[in-house]
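J.: Sequence:
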Amino acid sequence: MRLYDNSHPSFLEFSEALVSAPPNIGETIQRVLDRRQEFGISRLGSITGLDRIGIAVAQAVRPDARSVVVSQGSGLTVEQAAISALMEGIENWAAEHVSRERVRSVTVRNCPDADMWADLWALMPEGCDLEPLGWIDGWDILSSRKCSVPLALVDACYTLPSPHAPWLPRNTTGLAAGANVLQAVRHACLEILERDARCWALGKPHFFDRYQVETASLVRGAPGKILARLRQSGMETGVWSIPSAHGLPIYWCHVMEGERQMELAPLPAEGFACGLSNDEALSKALLEACRSRLTAMAGAREDVTIDLYRGSFDRHQLASWRKQLGARGSPLPPDPIPVSRPEIDVIIDALRSAGATAVVVVPLFVDQSIPAAVVRVVAPPLRTSPEELGHGM
Numbered sequence: 001m002r003l004y005d006n007s008h009p010s011f012l013e014f015s016e017a018l019v020s021a022p023p024n025i026g027e028t029i030q031r032v033l034d035r036r037q038e039f040g041i042s043r044l045g046s047i048t049g050l051d052r053i054g055i056a057v058a059q060a061v062r063p064d065a066r067s068v069v070v071s072q073g074s075g076l077t078v079e080q081a082a083i084s085a086l087m088e089g090i091e092n093w094a095a096e097h098v099s100r101e102r103v104r105s106v107t108v109r110n111c112p113d114a115d116m117w118a119d120l121w122a123l124m125p126e127g128c129d130l131e132p133l134g135w136i137d138g139w140d141i142l143s144s145r146k147c148s149v150p151l152a153l154v155d156a157c158y159t160l161p162s163p164h165a166p167w168l169p170r171n172t173t174g175l176a177a178g179a180n181v182l183q184a185v186r187h188a189c190l191e192i193l194e195r196d197a198r199c200w201a202l203g204k205p206h207f208f209d210r211y212q213v214e215t216a217s218l219v220r221g222a223p224g225k226i227l228a229r230l231r232q233s234g235m236e237t238g239v240w241s242i243p244s245a246h247g248l249p250i251y252w253c254h255v256m257e258g259e260r261q262m263e264l265a266p267l268p269a270e271g272f273a274c275g276l277s278n279d280e281a282l283s284k285a286l287l288e289a290c291r292s293r294l295t296a297m298a299g300a301r302e303d304v305t306i307d308l309y310r311g312s313f314d315r316h317q318l319a320s321w322r323k324q325l326g327a328r329g330s331p332l333p334p335d336p337i338p339v340s341r342p343e344i345d346v347i348i349d350a351l352r353s354a355g356a357t358a359v360v361v362v363p364l365f366v367d368q369s370i371p372a373a374v375v376r377v378v379a380p381p382l383r384t385s386p387e388e389l390g391h392g393m
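Here the sequence shown is numbered in full-length UniProt numbering, starting from 1 and rising by one per residue.
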């Protein structure tokens with residue numbers, strides 16, 4: 001399966017960084033910090049101590065960001081949390097600074113690849129097909145060809161006035177960083193699968209009653225360690241498995257304070273992840289829930305609204321949801337059957353099974369001296385904004 005086009009210069013420079021040896025985390029952190037001015041990073045700090053759980057959470061701050069200023073990372077160690085936060089900051093930075101030389105302005109009517117994005121045109125007001133849009137080249141893995149992608153689906157420039165048409169959807173689903181291009185594409189594709197599955201779950205009647213997983217028996221691997229830490233700190237945890245046509249594990253987790261705990265953040269924190277194994281998906285979802293909780297407690301993210309900090313809460317609803325988290329669920333679904341194929345092939349097949357008609361990779365940044373690579377992956381017509389459909393309990 002080809003991830004790039006040897007004949008196309010903008011992809012050739014990224015092809016050399018497709019795969020590289022696993023980096024040393026500590027050395028990578030230092031290399032990023034040595035270049036912090038280039039990436040606009042003014043601060044890297046741990047906020048782990050704000051909570052009683054003890055799961056490491058770090059924040060990287062970019063005051064001049066054109067999207068969110070604060071990036072979070074979490075992990076089982078402080079180093080893992082720090083590199084996670086830094087990489088999130090770098091991926092946002094890369095998406096904010098797309099070279100103008102790569103962008104061209106063309107109307108929808110005159111774009112040869114317009115049919116690929118037919119799901120977008122349903123959102124377009126009448127007459128807008130004659131207005132120019134920004135486009136950038138990407139590489140469609142499914143058809144092994146270069147294609148044009150609406151720039152609004154790629155960049156992360158959220159300054160006002162917006163450079164993009166107001167009817168185009170904007171989010172960062174499929175924006176990912178890694179130590180190499182292949183790792184970044186892997187992360188991006190798994191995020192797309194997770195977001196699309198969440199959209200399905202939000203529309204499924206009685207989802208939380210039907211798909212809850214029993215957590216008491218989860219004692220092994222990274223998920224077992226994280227759940228043990230949560231229990232020791234007096235937290236209640238709920239886990240739900242989101243079924244899918246492709247069969248890769250996808251989990252939705254809630255972490256919430258027990259009724260006997262001194263309240264620090266009353267509302268349940270959520271985490272979501274897709275992975276190639278239960279261990280990968282569940283540990284990532286649990287870590288994200290812990291990170292989300294600390295994000296709310298730190299109060300530094302400008303995209304966290306005042307609703308999380310209202311003076312009073314519906315105590316009956318909170319008690320009811322705490323009871324739901326303690327409900328007996330179903331056994332953990334079995335891991336996918338191992339296959340002797342490259343992981344990326346399995347993931348691309350999963351996107352195809354989910355309904356993707358294209359899997360377009362747009363490389364945004366690569367530097368093997370760090371090492372780091374950033375890509376944006378777009379997989380129409382899969383849904384990418386579960387937050388717009390509704391949320392929570």
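To be clear, the hints were calculated from the coordinates, so they are not data collected in a lab. Any given hint could be a false lead.
[To be verified] Taking lysine to aspartate or glutamate and the DMTMM-like style, the derived pairs with C-alpha atoms no more than 20 angstroms apart in a straight line are: (1) Lys204 with Glu270; (2) Lys323 with Asp209; (3) Lys204 with Glu387; (4) Lys323 with Glu387; (5) Lys323 with Glu214; (6) Lys323 with Glu263; (7) Lys146 with Asp209; (8) Lys146 with Glu270; (9) Lys225 with Asp279; (10) Lys225 with Glu280; (11) Lys225 with Glu387; (12) Lys146 with Glu126; (13) Lys323 with Glu259; (14) Lys225 with Asp209; (15) Lys225 with Glu270; (16) Lys225 with Glu79.
Computed from a predicted structure; not experimentally measured.
J.: Lys323 and Asp209 were given as a pair; does the straight-line alpha-carbon distance stay at or below 20 angstroms?
T.: holds (12 angstroms)
J.: Hinted pair, alpha-carbon criterion (20 angstroms max): Lys225, Glu280. Please report holds or violated.
T.: holds (13 angstroms)
J.: So if I understand the rule, the pair passes when the alpha-carbon distance is 20 angstroms or less; does Lys204 with Glu270 pass?
T.: holds (18 angstroms)
J.: Next pair to validate is Lys225 with Glu79; report whether the Cα-Cα distance is within 20 angstroms.
T.: With a Cα-Cα distance of about 17 angstroms, the restraint between Lys225 and Glu79 holds, given a limit of 20 angstroms.
J.: Quick one, are Lys225 and Asp209 close enough, alpha carbons at most 20 angstroms?
T.: Cα-Cα ~25 angstroms, so violated.
J.: For the pair we were handed, Lys323 and Glu263, check the Cα-Cα distance against 20 angstroms.
T.: Between Lys323 and Glu263 the Cα gap is close to 17 angstroms, so the pair holds against 20 angstroms.
J.: Take the C-alpha atoms of Lys323 and Glu214, compute the straight-line distance between them, and say whether it is at most 20 angstroms.
T.: holds (14 angstroms)
J.: Given the hinted pair Lys146 and Asp209, is their alpha-carbon gap at most 20 angstroms?
T.: Not satisfied, since the Cα-Cα distance of roughly 44 angstroms exceeds 20 angstroms.
J.: Has the given pair, Lys225 with Glu270, been kept, meaning a C-alpha gap of at most 20 angstroms?
T.: holds (18 angstroms)
J.: Under the criterion that the straight-line Cα-Cα distance not exceed 20 angstroms, is the pair Lys225, Asp279 satisfied?
T.: holds (11 angstroms)
J.: Check the hint pairing Lys146 with Glu270 against an upper bound of 20 angstroms on the C-alpha distance.
T.: violated (37 angstroms)
J.: Does Lys225 pair with Glu387 here, judged by a C-alpha cut-off of 20 angstroms?
T.: violated (29 angstroms)
The structure shown violates the earlier hints numbered 4, 7, 8, 11, 12, 14.
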